[in-house]
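Asker: Chain H: place on chain P using the hints.
Chains as they are written, first to last, in my numbering: chain P, 1 to 488; chain H, 1 to 252.
It is worth saying that the hints were derived from the structure and are not from the lab.
As the structure is a prediction and not an experimental result, all values here were calculated from the model.
Using N, Cα and C, we set each Cβ at its ideal position, and we do this for glycine too.
There may be inaccurate statements among the hints.
[Stated by the list, open to error] If you want the ones that stay clear, here's a sample from chain H, every Cβ over 10 Å from chain P, calculated:
1. Gly22
2. Ala29
3. Gly30
4. Asp217
5. Glu240
[What the hints assert, rightly or not] Residues from chain H that face chain P, not an exhaustive set, calculated with beta carbons under 8 Å:
6. Thr51
7. Ala79
8. Ala80
9. Ile93
10. Gln109
11. Ala144
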Amino acid sequence: MPAARQTTEQVLELERYKHGFVTEIEQDFAPKGLSEATVRFISAKKDEPAWMLEWRLEAFRRWQALDEPAWARVDFPPIDYQDAYYYAAPTQKAGPKSLDEVDPELLATYAKLGIPLGEQAVLAGVEGAPRYAVDAVFDSVSVVTTFKKELAAVGVIFCPMSEAIREHGDLVRKYLGSVVPVSDNYFACLNSAVFSDGSFVYVPPGVRCPMELSTYFRINAAQSGQFERTLIIADKGAYVSYLEGCTAPMRDENQLHAAVVELVILDDAEIKYSTVQNWYPGDKDGKGGIYNFVTKRADCRGARSKVSWTQVETGSAVTWKYPSCVLRGDGSSGEFYSIAITNNRQQADTGTKMIHLGANTRSRIISKGISAGRSSNTYRGLVSAHPKAKGARNFTQCDSLLIGKRCAAHTTPYIEARNASAQFEHEATTTRLSDDQLFYAMQRGLSQEEAVQLLVNGFVKDVLQELPMEFAVEAQKLVAISLEGSVG
Amino acid sequence: MSALLKVEKLSAAIDGKTILDGLSLEIPAGEVHAIMGPNGAGKSTLSYVLTGKPGYEVTGGGATLDGEDLLALAPHERAAKGMFLSFQYPLEIPGVPALTFLRTALNAQRRARGEAEIAAPDFLRLVRAKSAALKIDFEMLKRALNVGFSGGEKKRMEILQMAVLEPRLAILDETDSGLDIDALRIVSEGVNALRAPNRSMLVITHYQRLLDYIRPDKVHVLAAGRIVASGGPDLALDLEREGYDKFAALAA
Numbered sequence: 001m002p003a004a005r006q007t008t009e010q011v012l013e014l015e016r017y018k019h020g021f022v023t024e025i026e027q028d029f030a031p032k033g034l035s036e037a038t039v040r041f042i043s044a045k046k047d048e049p050a051w052m053l054e055w056r057l058e059a060f061r062r063w064q065a066l067d068e069p070a071w072a073r074v075d076f077p078p079i080d081y082q083d084a085y086y087y088a089a090p091t092q093k094a095g096p097k098s099l100d101e102v103d104p105e106l107l108a109t110y111a112k113l114g115i116p117l118g119e120q121a122v123l124a125g126v127e128g129a130p131r132y133a134v135d136a137v138f139d140s141v142s143v144v145t146t147f148k149k150e151l152a153a154v155g156v157i158f159c160p161m162s163e164a165i166r167e168h169g170d171l172v173r174k175y176l177g178s179v180v181p182v183s184d185n186y187f188a189c190l191n192s193a194v195f196s197d198g199s200f201v202y203v204p205p206g207v208r209c210p211m212e213l214s215t216y217f218r219i220n221a222a223q224s225g226q227f228e229r230t231l232i233i234a235d236k237g238a239y240v241s242y243l244e245g246c247t248a249p250m251r252d253e254n255q256l257h258a259a260v261v262e263l264v265i266l267d268d269a270e271i272k273y274s275t276v277q278n279w280y281p282g283d284k285d286g287k288g289g290i291y292n293f294v295t296k297r298a299d300c301r302g303a304r305s306k307v308s309w310t311q312v313e314t315g316s317a318v319t320w321k322y323p324s325c326v327l328r329g330d331g332s333s334g335e336f337y338s339i340a341i342t343n344n345r346q347q348a349d350t351g352t353k354m355i356h357l358g359a360n361t362r363s364r365i366i367s368k369g370i371s372a373g374r375s376s377n378t379y380r381g382l383v384s385a386h387p388k389a390k391g392a393r394n395f396t397q398c399d400s401l402l403i404g405k406r407c408a409a410h411t412t413p414y415i416e417a418r419n420a421s422a423q424f425e426h427e428a429t430t431t432r433l434s435d436d437q438l439f440y441a442m443q444r445g446l447s448q449e450e451a452v453q454l455l456v457n458g459f460v461k462d463v464l465q466e467l468p469m470e471f472a473v474e475a476q477k478l479v480a481i482s483l484e485g486s487v488g
Numbered sequence: 001m002s003a004l005l006k007v008e009k010l011s012a013a014i015d016g017k018t019i020l021d022g023l024s025l026e027i028p029a030g031e032v033h034a035i036m037g038p039n040g041a042g043k044s045t046l047s048y049v050l051t052g053k054p055g056y057e058v059t060g061g062g063a064t065l066d067g068e069d070l071l072a073l074a075p076h077e078r079a080a081k082g083m084f085l086s087f088q089y090p091l092e093i094p095g096v097p098a099l100t101f102l103r104t105a106l107n108a109q110r111r112a113r114g115e116a117e118i119a120a121p122d123f124l125r126l127v128r129a130k131s132a133a134l135k136i137d138f139e140m141l142k143r144a145l146n147v148g149f150s151g152g153e154k155k156r157m158e159i160l161q162m163a164v165l166e167p168r169l170a171i172l173d174e175t176d177s178g179l180d181i182d183a184l185r186i187v188s189e190g191v192n193a194l195r196a197p198n199r200s201m202l203v204i205t206h207y208q209r210l211l212d213y214i215r216p217d218k219v220h221v222l223a224a225g226r227i228v229a230s231g232g233p234d235l236a237l238d239l240e241r242e243g244y245d246k247f248a249a250l251a252a
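The following block holds chain P by itself, in its conformation from the complex:
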């Protein structure tokens, strides 16, 4: 290919994925490959107590006995787990105490990504400065967490997982692995052995968290995986809204991201968890991109507890992800709102599980899948009612939109009602973005791109409005960018 054209294409690609840059920074790595020594290396790096190391080693032993799952409707070459780094961290002395101590390169990275790490701006009353706390995770470590003091004043703990293990050991030990057991599945088990950083949140009884909490995950190092671990506990009557965002540089190789997120919700508490996932999706021919193999689960342990998952999934080469709700407490409820967009050669197999165990539990699923290019997009969902889940109710609406002629949408709902009083409703539609609608909008003056954006935004509106306000606008733009060039 002539150099000029190649350059043009690279520029176009960069235009499309604005977060694809690499930060030049000195980093520490674990020796390449995965062994007991790797697990010990990570644990030692994080200065963990003995019980945590034991927990990891046990997970590693179990992982070796497991096989990679093959049931999802995704297709990728075998992963060589020995050909990757399991720990990469910017070189620095002990964790920075304040923003002033954070490497300016890192601060510049987050500034470029539009992530507000400057709580001073907010505290100083700068107009327009968003007021939410951020935990910024760069490869395997958290580089800074904002608003910790202000949150601590009302008893909310918001800190990197590695800090929580050292300083809030009792809470972590009580809840870690209690929602997603160590050997729950292949990727969760791997995560349990080698997890690096993530966020820990504890909201004490009766406290309504005074601001949005968010974690921003960034993969930077080449040939490395990211294994974040997040644990959020809402004690009795507590409330917290949490958002995570993710991006990565553009690379020709595939990189693994295997996260575990556990939510524990006690009596009358509520967690609202939102995700805007924009990992590098690979180029238009399917080269490179992140393998996003994630286990997310909420345990509504207490009576009348509530959880809602909202996800906007636009990135990653392959997505394997089912944020689920275990509705254990009587009268508890779970919600799942999802927008999953695949373009070019992306593959997504995503959905949710609503497991009704308690009486009068309710759940609601709204899933909007959009496939374009030559991508494949599968909704996979389970709704089940245990014999004791008297009066359980679920409503599921599952809509697929196809753009173009070479993409695929699949819907695979599993429904199990093991008591006669459960009421489940399932509605599903599949439509193709209609040429007539496009022409109608274009006749009124919209360009083709604008027409597609408008129609798609209409399609996903029910889910977008579930996102916190600041992020809804961002997500709307992301939806548009993800579908650029999908028609015509």
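Answerer: Then chain H, alone, in the frame of chain P:
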């Protein structure tokens, strides 16, 4: 006076089948012309070819708006130049409030013409005034465009869009179909209010009834892909009395 819209020996086909066969038509600025004709004569095809709907192949002739070649432009560019089509079957746009749709369209056209976007308060004031004239409940404009609207509501919504977008040439494709007599009167009054010295209209209809309300300057008969007869408003009355057969014979 030179014509605003000039169609010259226009031929067009869809899937290899010729629909328009050397059609010529001129509409001077400020005039309202009606096109009548039997089913399958090519009335809707003419409106689609002029506005650029994909799938139609122009096989000969041309069309200009104010001297500018229309056929070389994309549909949205034609819209920005002032072409407007009131659809026979307006499309439903789920999840997009009518107001959002209308504002997006207006601003897209303004940007294309190098004009500033309209400010939100000005836009709302404009739409409130125009919708009141068409007896459209403003609350309805907060609902998804055309979703669950009755046939009459959809047609009134088309005229509202026309009133807001202020085109130079408006094509009304069977705007009377599906309207009861009251709705027909409201829609027609809306259209008549938009008559202006610098705006032309092409009214496509089956029936003379609409022309009692929207008085055309000229009436053309379209049969077998071309204009076979033209005349004053009385031509519509002749057609109503005698049917299209006589004119179909002229086309053969």
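Asker: If you check each hint against the structure, which ones fail?
Answerer: Per hint list: zero violations.
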